[in-house]
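Engineer: Both chains are sitting in their own frames, so use the hints and assemble them into the complex.
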Amino acid sequence: MTILEAAERLADGRASSTELTTDSLAAIKRRSDLNAFLLLMDEAAEARAREMDRERASGKVRGPLHGIPVAVKDVFCTKGLPTTCGSPLFADNVPDYDAAVVEKLDAAGAVIVGKTHMHELAYGVTSNNPHYGAVHNPVDTTRIPGGSSGGSAAAVAADLVFMAMGSDTGGSIRLPAAYCGTVGIKPTTGRVSRYGVMPLDFTLDHMGPLTRSVRDAAVVLQALAGFDPRDDSSSRVPASEYDPGPSPTIGGVRIGLPSNFYLERIQEDVEFAVREVARLAEELGAKIVPVRVPDIAGLNSVSRIVLAAEASALMLPHLHKRNLIGRDTMALLDQGRLLPATDYINAQRVRRTFQEEFARVWNEVDFVLTPTAPNTAPAIGDTEVDIAGVKEDVRLAATRFVRGINMLGWPAISIPCGTDAGGLPIGAQIIGRPFDEAGVFRVAAALEGALG
Amino acid sequence: MTDWKAVAAAIAPDIPEEQIERIAPLLDAMRGRLFEQTGRIGKVTEPCYIQAVQEMEQ
Numbered sequence: 001m002t003i004l005e006a007a008e009r010l011a012d013g014r015a016s017s018t019e020l021t022t023d024s025l026a027a028i029k030r031r032s033d034l035n036a037f038l039l040l041m042d043e044a045a046e047a048r049a050r051e052m053d054r055e056r057a058s059g060k061v062r063g064p065l066h067g068i069p070v071a072v073k074d075v076f077c078t079k080g081l082p083t084t085c086g087s088p089l090f091a092d093n094v095p096d097y098d099a100a101v102v103e104k105l106d107a108a109g110a111v112i113v114g115k116t117h118m119h120e121l122a123y124g125v126t127s128n129n130p131h132y133g134a135v136h137n138p139v140d141t142t143r144i145p146g147g148s149s150g151g152s153a154a155a156v157a158a159d160l161v162f163m164a165m166g167s168d169t170g171g172s173i174r175l176p177a178a179y180c181g182t183v184g185i186k187p188t189t190g191r192v193s194r195y196g197v198m199p200l201d202f203t204l205d206h207m208g209p210l211t212r213s214v215r216d217a218a219v220v221l222q223a224l225a226g227f228d229p230r231d232d233s234s235s236r237v238p239a240s241e242y243d244p245g246p247s248p249t250i251g252g253v254r255i256g257l258p259s260n261f262y263l264e265r266i267q268e269d270v271e272f273a274v275r276e277v278a279r280l281a282e283e284l285g286a287k288i289v290p291v292r293v294p295d296i297a298g299l300n301s302v303s304r305i306v307l308a309a310e311a312s313a314l315m316l317p318h319l320h321k322r323n324l325i326g327r328d329t330m331a332l333l334d335q336g337r338l339l340p341a342t343d344y345i346n347a348q349r350v351r352r353t354f355q356e357e358f359a360r361v362w363n364e365v366d367f368v369l370t371p372t373a374p375n376t377a378p379a380i381g382d383t384e385v386d387i388a389g390v391k392e393d394v395r396l397a398a399t400r401f402v403r404g405i406n407m408l409g410w411p412a413i414s415i416p417c418g419t420d421a422g423g424l425p426i427g428a429q430i431i432g433r434p435f436d437e438a439g440v441f442r443v444a445a446a447l448e449g450a451l452g
Numbered sequence: 001m002t003d004w005k006a007v008a009a010a011i012a013p014d015i016p017e018e019q020i021e022r023i024a025p026l027l028d029a030m031r032g033r034l035f036e037q038t039g040r041i042g043k044v045t046e047p048c049y050i051q052a053v054q055e056m057e058q
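Chains as they are written, first to last, in the numbering used here: chain A, 1 to 452; chain B, 1 to 58.
These are computed hints drawn from the structure, not numbers from a lab.
Please note that the accuracy of each hint is not assured.
Lysine-lysine pairs mimicking DSBU-like chemistry, simulated, CA-CA at most 35 Å apart [unchecked claim]:
no., chain 1, residue 1, chain 2, residue 2
1, A, Lys321, B, Lys5
2, A, Lys79, A, Lys29
3, A, Lys321, A, Lys391
4, A, Lys60, A, Lys79
5, B, Lys43, A, Lys391
Pulled out of the complex, with its shape left as it was, chain B reads as follows (with noise of 0.2 Å):
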């Protein structure tokens, strides 16, 4: 499990101790979900490129 404390110290503006504590179990179970899914990720083209050749494009 990821140390929300400890990576909401390292931003600005704070997040209070009481709502790291409500919302990381909400964090971990949607991390969970996704990396359940990160197996999927096969040869795409990631979305960064493409935004690219648009911007050349235009």
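Excised from the complex, chain A in its bound form (with noise of 0.2 Å):
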């Protein structure tokens, strides 16, 4: 069932917030298996949940979030609430304020029901977590769910929360989003708040829904957008209407689909499946433009360089607590430390550059259609993978077609578009115009429709 499917059983008296709430605590622990949670807030959720219903009896209804059971990455900070970044360095950390993110879910009405597992300090891509244990497939339960948001993506594909919120520093949104079978969005930069939220990183970190359909990730995103005094990024661009509605058009519409990189070196299913997407895509009227993007390898080289400087200078204070940082964490904060200012500084003027180069792109297309990820989700403890006979680390698979998308900062959404041979689902990547999430949410509700 999708948020805009409760809603209207809330609407018309069919469902209570408070049994959709009990439900999906039961969902959580009859799948503790999927160890997708860090944190469960049975009593609070289920005194929210009546006070929804209380609220909607009485005529108040806050929107199509009133009363619905959502989750938030235990990066966002819940007043009087431990908050770990799922690290042992945070164990102790209970903020005294909500992130702006949880302050918009309340005020919507949405009922947290708790804080969702994540690779360490966000810092990766499996959700393997090293003191905390993996986050599991829900799909494929021996495969990694992707991350850092593994169990907010883990948590919404196994049906035990209609929304999950995740953040995207590298594709830690869409890429689970891929592995698990669901809808993330990646926002333009500055859209959604960052107060609140534990950070990895200044330049690239993003806060987005992940949804059962494109139209629940625009109605989560129309509750989040909007200019926010206690962020410095936050950007004044008003926030437009979001909802695609249930039947978009996007007959005219220019899709490029790029006839270099994205499509190079990948798994033959994910091709064939991204190129269905193309078809289906030209079926409703769309335009498919073959185009060549810049050279976005050498984008994700200068991105580690953005994300290594700016992690270690964030975690800092706590890097002589070595014993507390998983093995592979502190080798990525180790790595950022030792890299002189002057890498930094460069990288950062390569990224300018390279915002002008790409932004050519849009002089041809409204649109780019690429696979979200090379493959489908790796087995739990892989630590390379096997490419169109190519061997490359998990990591750099992982995060190929995703990561230098953050660079530029411009809205990006995954959605499912099939499965392969093995059953595991497949992810297709639309990327638009900063600040259009509104023709990104249009074009993929419309192709969600046709993928059935």
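Structural biologist: As structure tokens, this is what we get:
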């Protein structure tokens, strides 16, 4: 069931928030094998659900999220509740305020049932956390869910909650969405407030929802988008109307299908699935335009320098506690400390150049369609994957098509577009112009409808 | 190649030697890829200038 379907049931009395919340909490406990949650808020959630039911009975309905059980990744500060970022470094961190995202979900009437598990410090893609165990992919529990928002994707894919918030620094919303078969959007830089989010990075962090449908993602973003004076990186560009409605059309829309990089060195069934999405888009009246994209591999490399330097700067006060940081994460944090400042500054300068080069793509097309990842979910514990006969580090492979988009700041969504021969989900990524989330949702919803 | 052990010796908290040996090739590769890109830097307004103006505007 989607948020909008649940909202209808709540509206016509076929369900109550109390029932939905009880069901959600029971499902989370039943699927404890997924290890998708770090914290359950049973009593608070049940009380909140009763409050939302009372409000509804009195005639006050806040919107489509009113009374809907949701979850937030454990990077979002929650007043009076632990916010650990998946790390024992922050095991005792109990903020005295809520993140802006939590405030907005609260104002929209959502019922937060818990905080989802994640890759340690959000610094990785496997969600195989050395301290709190691996998150398991609900489609095949021997597989990773992707990360870093792995718990959020697993929770949504397994129908434990209707929506879970994630954060995305180099693909951490879109990648788990693709690996678990959910929708996940990374909005434009500045679109969603970062106030009260434990940061991994200054330049690249973005917040967004993972959901079971594109329209659900749109209604959640509607509740979250907007200027926040407490976040210096928050944008004053007004939010538009995001919900594409039940029957969006994309006639005449120009969708770029990259002729380089994105369809190279990928699983055969991933290529087939994405080409099928392009074919369906044409059937819907869109024009598929072959485009050559600038050097994404170069953009990815520069992105890794920015991330390494910024993450290490942020974590510096904690880096003497090496015994509380996992081996792989520590290696990344040590790399960031050793990089010269000149490299970081030059990486930021190259980023500006890349932004100008990539922006020329928008002269040719309105959106770009790519695979979200070159592969489907690897097995838990794998450090290398073999894609089209080439062995590659799991982390580099998984982020190949998503990482660079954070450097550009553009909105990008991942939608499910089929499965591989083993039944593992495949994701398609739709990238749009800055602040054109409405357009991204429209194209994604139309394709979602055509994919069935 | 950079002598990463010498660089690490100058910063605190310490990074164990075996860690430096593990990450040195990664750092060299990362920097090598960056250097391939720095030739792209053209007449761009530098990020710190943009930030300085934004701070004045606030």
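Engineer: All hints are to be evaluated individually against the structure, with a verdict given for each.
Structural biologist: Evaluation of the provided hints:
1. A:Lys321 to B:Lys5: Measuring from Cα to Cα gives roughly 20 Å; hence the hint holds.
2. A:Lys79 to A:Lys29: Given that 35 Å is the threshold and the Cα spacing comes to 24 Å, the pair holds.
3. A:Lys321 to A:Lys391: holds (34 Å)
4. A:Lys60 to A:Lys79: holds (25 Å)
5. B:Lys43 to A:Lys391: Since the Cα atoms of B:Lys43 and A:Lys391 sit roughly 39 Å apart, the hinted pair is violated (cutoff 35 Å).
Checked against the numbered hints given earlier, the structure breaks only hint 5 and satisfies all the rest.
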